[in-house]
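Chain A is already provided as a structure; the job is to place chain B on it using the hints.
Chains as they are written, first to last, in this note's numbering: chain A, 1 to 402; chain B, 1001 to 1179.
Covered stretches of chain A, as calculated for chain B (at least 3 residues, CB under 8 angstroms):
(1) 39 to 46
(2) 64 to 77
(3) 91 to 100
(4) 105 to 117
(5) 145 to 159
(6) 169 to 177
(7) 184 to 195
No lab work stands behind these hints, which were simulated from the structure alone. Nothing here was measured: the structure is a model prediction, and the numbers come from that model. From the three backbone atoms N, C-alpha and C, an ideal C-beta is built for every residue, glycine too.
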Amino acid sequence: MSKKKHETPMLDELKKGPWPSFVKEIEKAAVKSETANDTLGQVEKSYRTRRGYWKHGGIVGVLGYGGGVIGRYTSLPEEFPGVKFFHTVRINQPSGWFYTSKALREICDIWDKYGSGLTNIHGSTGDLVLLGTNTESLEAIFAEYSSRGWDLGGSGSAMRTPSCCLGPARCEWSNINTLEINYQLTQEFQDELHRPAFPYKFKIKTSGCAVDCVASIARADLSIIGTWRGKIQIDQSEVQNYAKKGMNINAEIVNMCPTQCITYDGKEMKIDDAECSRCMHCIAKMTKALRPSGERGATLLMGSKAPIVVGSLLSWVIVPFIKLEPPYKELKELIRKMIEWWDENSKPRERIGEVIEIKGMRSFLEYIGVPPSPAQVKWPRKDPFIFFKDEDFEKVFKKGKY
Amino acid sequence: MSLPQRKTDIGPPHYEQFLPPVIKKNLGKWKYHEVINPGLMVHVAEGGDKIWTVRVASPRILSTDTIREISDIADKFCGGYLRFTSRNNVEFLISDEKNVEPIQKELKAKGYTIGGIGPRISNVIHTQGWVHCHSACTDASGLVKAMMDELYDYFTTKELPNKVRLAVACCVNMCGAVH
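The shape of chain A in the complex, shown without the other chains (with noise of 0.2 angstroms):
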């Protein structure tokens, strides 16, 4: 057991109020780990000189992988000696952060014998994330959660952890088996997860629906997203018992449908699926009325990125609707072929969706087979998406038409 070390009256004032408080996470970890406890003390002087003081980098991890272990130290070593190593352990998370008490509590077992007793649950790209222990633990950690079923995830220029909503799992709304997906799909790139060797990072995010629960639209280079190809069935009498029980339709469905395809006399909705862009918002609001009907499958997007290098990107539509299948050739497949291509025509540091901008639709769609269609236009009329090539002149003017 250690004794608080520092005096913490900033921390403090994060232990007050009714949100739960990092800093009582912190506080019980240091009862039992002096790391913790140095962390507590570090972080307050953070907040009194209003800078950070932890190193990056250094090559540490463990045998025969390249990431999944982020190499972190104090620059203040000796003021904080148990943050003198603070490294972060990436766990591979299951598919839709489903877990069991019981592999939850392994999972803490191992940590507490080896690092710090803090997590993250869960890191933003969706791991499981280990905080604070030291370089000579790594080799432990890895043997002790890789022999009970455990791998790390993906960090550096490399095929990042993908991730999921939970879909089937306890959704209605899911067009795809997202679990399945995330798992065979991080199951293919272990290779590329855990040894770098991309121009940077590549995050796969897959939702069951265009609701889209893990935003992989805004934060993944290839969004899946599900979909559907039929109509919306609609059960009237479900439309006249939500009416009924005070939702104004055309207020909040008919007037809100960005296509404007719904149409609701009091009596009868209808809707014109050709016009709809599948959005999600009628069907979210109106569950027991509304279905998707036909054939499933999902829409791929490209591209999202936060700001750094050149600025933020949101993903656009690369294949408009794709089957998704077990065991999902065309897929694995598909993103071999964009990784080849980005591989082949980026700089260090340039994400795909900035080298699709760069070299241009054209070079990207020949290279991964996929036909041009109106769907891929993202700014219409602003950009000339589609360039055309010197035989794309000559072809016309061999016809003889200019």
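Structure of chain B alone, referenced to chain A:
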């Protein structure tokens, strides 16, 4: 001290072993769900099976002690089954209706914050800040804590026109792109 034999490139454990039996039985067969209160919803399957979910807030940085406490609660009311959301909330998955009220009572008694479902402010996604990052321009956890103390009622009770998602990035790296 001898260590067990390490394994490489095994990937994560398969999710199926962590799914409650009622979910395994009704995978892809859910019909609709209803939000009963800001921290409780029920999903109903085609065949009538039900699963209740109680959602609680988390500061994301969790000590192993807290994870064990959460696990104990899951053992008592959920057959040990629970999950985390993409916004770092904890979700207790309850298969037996008679546990729905008692788990909420126990969570409240233990000081957990129940809420975040429906048109409200859910948990705040954020970066590491001064707790752990070398390039943090400001703190993240502290900012989120102070902000959510103010906005607490929007997680637990108050309604808004739609869901609101807040995020804090402590530098433009936006690690994990915190949308």
